[in-house]
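> The sequence shown: position 31 = 499 (my numbering), numbered continuously.
Calculated from the structure, these hints are not laboratory results.
Model, not experiment: these values are computed from the prediction.
One should not assume that every hint holds.
Estimated spans, in silico, between C-beta atoms of each pair [to be verified]: (1) Thr504 / Thr582: 15 to 25 angstroms; (2) Pro562 / Met520: 45 to 55 angstroms; (3) Ala549 / Glu495: 20 to 30 angstroms; (4) Tyr523 / Glu552: 28 to 38 angstroms; (5) Met520 / Asp586: 21 to 31 angstroms.
Even glycine gets a Cβ: it sits at the ideal position worked out from N, Cα and C.
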Amino acid sequence: MNFTITTIAVSLANYLQEYLPGVQFLEDPAQQKTQTPAIFLQQRYSSIERQMGGYWLRKIGLDLTYLEDYNLPNLQQLYLAAAEALDLCMDSFPYSDGITDSTVNLLTYDRTWTIDLDALHYKFEIQERVTLSPSEEVKMQAIEDYTPEVTPANGETAKIHKREPDRKQAVR
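Given the sequences, and given the hints that come with them, work out the whole structure.
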């Protein structure tokens, strides 16, 4: 299963339709002629840590930004209602990469929300263990082709010969 920001945005858009009806979901905040109410996803940070067994822990900080018309008299109440709706449904969400038929449930961590003058920011983190496909892994090159050389202070090149193990040690 592929794991990208674009597929996360599509999965969230499909999932949040039920909880925020009538809200337009945008992948990019710079889209022109945005009609409110609207919500879009922004990536805030990302980190990756190596783990045992060939896995990597990928942490992605995301911000769902919810917009309403700026001059509404009940703007604060609309943002509070949206924040509450997100709180109730965002402990996890179904994720699909759009290629495979299966879905997995992604858990969210460190969920917080704030209301600025112009938007509601619902911030959360995704932590997923991922693997690289075998074609993307960097394999170690053969060391047998390596011929070590030492350059002494006099500038002449000296070749180092491999030492053969003693027969007595090898037999044991």
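> Sort out which numbered hints this structure fails and list those numbers smallest first.
Numbers 2, 5 - these are the hints that the structure violates, sorted from lowest upward.
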